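Trainee: If you want the building blocks of each chain, they are given just below.
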Amino acid sequence: MKLLVELSNKNNLNLNCTGFILPLKDYSVESTISFTIEEIENIINKYNKEIFIKINKNLFNKDISIIKDILIKLDKLNVKGIFFYDLAILQLVKELNLDIDLIWNQTHMVNNYKTCNYYYSKGVKYALLGKELTLNEIKEIIKLSKINCMVEVISKPSVAVSHRRLITNYFQALGKNSTDKLQVMEKISNLKFNLIENNNDTSFFLDTITNGTSIIKDLYVVNCPYIIIREYGIGNFRELISDTMKYISNGCIDNCYIKKYEKLGDSTNFFFKKTIYKVK
Amino acid sequence: MTKKIELLSPAGDLERLKVTLLYGADAVYIGGKKYSLRANSTNFSIDEIRQGCDFAHKLGKKVHLTLNIVFHNEDMEGVEEYIKEVVEAGIDAFIVSDPFIISYIKKNYPNVEVHLSTQNSTTNYKAIEFFENEGIDRVVLARELSKDEISYIIKNTNVAIEVFIHGAMCTCFSGRCALSNYVTNRDANRGGCAQVCRFAFNVENEKDFTMATKDMNMSHYIGTLIDMGVTSMKVEGRMRSLYYLATVIGTYRNIIDDYYNKTLTEDKMQIYEERLSRVANRETSTHYFLKEADYTDQYYTGRVEVSNQDYLGQVISYDKEKRLLKFIERNYFEVGDIIEVFTPSGNHLKFSLEKLYDDQMNSIPVARHPDNIYYLELDTLIDIEEYSMIKIISRRKDNE
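Protein chains in written order, with numbering that gives the first Met the number 0: chain F, 0 to 279; chain A, 0 to 399.
Don't take every hint at face value.
Unchecked claim - In silico lysine to aspartate or glutamate, EDC-like type, Cα no more than 16 Å apart, as pairs:
1) F/272 <-> A/73
2) F/121 <-> A/131
3) A/206 <-> F/185
4) F/113 <-> A/79
5) F/175 <-> A/203
6) F/180 <-> A/203
7) F/191 <-> A/203
8) F/93 <-> A/133
9) A/319 <-> A/384
10) F/61 <-> A/291
11) F/175 <-> A/205
12) F/186 <-> A/203
13) F/273 <-> A/74
14) F/175 <-> A/207
No wet-lab data here; the hints were simulated from the structure. Being a predicted model, the structure only gives us computed values, none of them experimental.
Based on the provided sequences and hints, a complete structural model is requested.
Mentor: Written out as structure tokens, the structure is:
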């Protein structure tokens, strides 16, 4: 099992992990930092890591020709794969006959094995599974689909994206200067959300760390190819990554790892909790 | 000759299906008991789907079925049998978001149309090309698109294009929001959305943060959409009332027909706008159609949602010889009120209410019990069909 990291600090590129997910500047959301093509090229040359690029914005007509050029450039670099949300990317990769692997990354939609198999049949090699799945659902998808699954195990999860500049609009309505970040708290659940505005979109992150350390072993046992940890909002990150690499390298048998990282909190997101949709 | 644009109405149950088709919808979209994004709407049993399809087809109209949840493993169980059942019940099109389901339907039921749900938030022509290759017949575009972007898509793709024209909006991209899952544990993408985007949030040392959107109202741009080559115009609201749907669908029917007949004047538009505004419970906007959506398209503090009391009753029958209208009451009214009866065939008849009777034909001054049957005398020889609606124009006390 391999460990991918999505950073929120560009100084952490020397971490001990399998690879990085680098959000592409101007074309990624649900990320706190992004990278230009030039930066990506430098990172590929400098670090011996698997490099995945995230292009997960909803694309508009005007973006297509630019994205086409970007894909051609990325195809020439030693990029391991591209996380995509918009199906224009899948269509372009097919049309251009590019030799670059794709990761189906439609955040809240990657939820069943049949659709994973469908995308696999379309040439998509990987899928980042939805964060609203139970562990049992994840294991079932890994078992029943041909696609290579990725599971985000530790992060402050991204929960929504709006094409509205919600922070700007809020401060404009108040007659005040805006910022690009805002924390809000839902009044009944007391859940806090961090809003980040960029590229005319607003991304929502839950301000609670999903602590999936306890499921890493389960994923290891079912041969999950990749787990993902995101840096945003997590302290002592270097140590966490180092320990996690050791844990999975040693076959996930060291219970001290689980104990040590109880400090990340007790939220296991939906791993052990099903969502409902009928309220009657 | 170019095909006339389709007016597509929501229908949360069989009665709404009938009413909206009678009021001028060319097609309805409905949800079954399973796999629909309005899990808490009444929705249709297989038998009701069959009845609805029969009713629609006799009028030369169509029924689209939503099958647009984001499927989990467990939801896949039984879906193939369900698809078979609803196809046999007579549906004309599926509205789907999951590409596996799209490919399954196109492979097994090639004569049934498949429409890509707005849940996919399709925002560009290249993504549509992908679905064209998968055999999709129609794409319901994302609501985040401008006029120019829609126009470009229509010119550069070969599938039918459907756009929303009226009703509530999501704050986030459809399908790209799980706020409901996290705040309420109700799955937004399987029909349980709790509309968390309409909640108020605390912000430290500032006023509450809200992000609720105003509703969409494209009534002034119907001609533009027709000229652009849009295939279908969709009204939001499977959980809306009969009265709301009758008013909104009837009004858009008028606007569309007047536009094609070149009889849509500013005076008429004012009347139509007034009708739509009377049933609106929020302010409206065209959102992204003319500009980037901004703070004027949202609500902040002081938002008021108006509960409408205009709707007085629903007509059961009209006896032209006795000039007696039988109806079921919805809101209080009394002798002396000025009322309007509007019919599925498009008549709007104004009356001063002079004689009112209870279900035993006792003369009464006031109808004060919703859901009770009442009669009123009207002086008209015009047909007033079942499902005509009665609304208040002005109250007696205001007329005195």
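Trainee: All the hints need checking, so say for each whether the structure fits it.
Mentor: Structure-based check of each hint:
no.: 1; hint: F/272 <-> A/73; in the structure: 15 Å, holds
no.: 2; hint: F/121 <-> A/131; in the structure: 14 Å, holds
no.: 3; hint: A/206 <-> F/185; in the structure: 13 Å, holds
no.: 4; hint: F/113 <-> A/79; in the structure: 12 Å, holds
no.: 5; hint: F/175 <-> A/203; in the structure: 15 Å, holds
no.: 6; hint: F/180 <-> A/203; in the structure: 13 Å, holds
no.: 7; hint: F/191 <-> A/203; in the structure: 11 Å, holds
no.: 8; hint: F/93 <-> A/133; in the structure: 14 Å, holds
no.: 9; hint: A/319 <-> A/384; in the structure: 11 Å, holds
no.: 10; hint: F/61 <-> A/291; in the structure: 14 Å, holds
no.: 11; hint: F/175 <-> A/205; in the structure: 11 Å, holds
no.: 12; hint: F/186 <-> A/203; in the structure: 12 Å, holds
no.: 13; hint: F/273 <-> A/74; in the structure: 13 Å, holds
no.: 14; hint: F/175 <-> A/207; in the structure: 14 Å, holds
Checked against the numbered hints given earlier, the structure satisfies every one of them.
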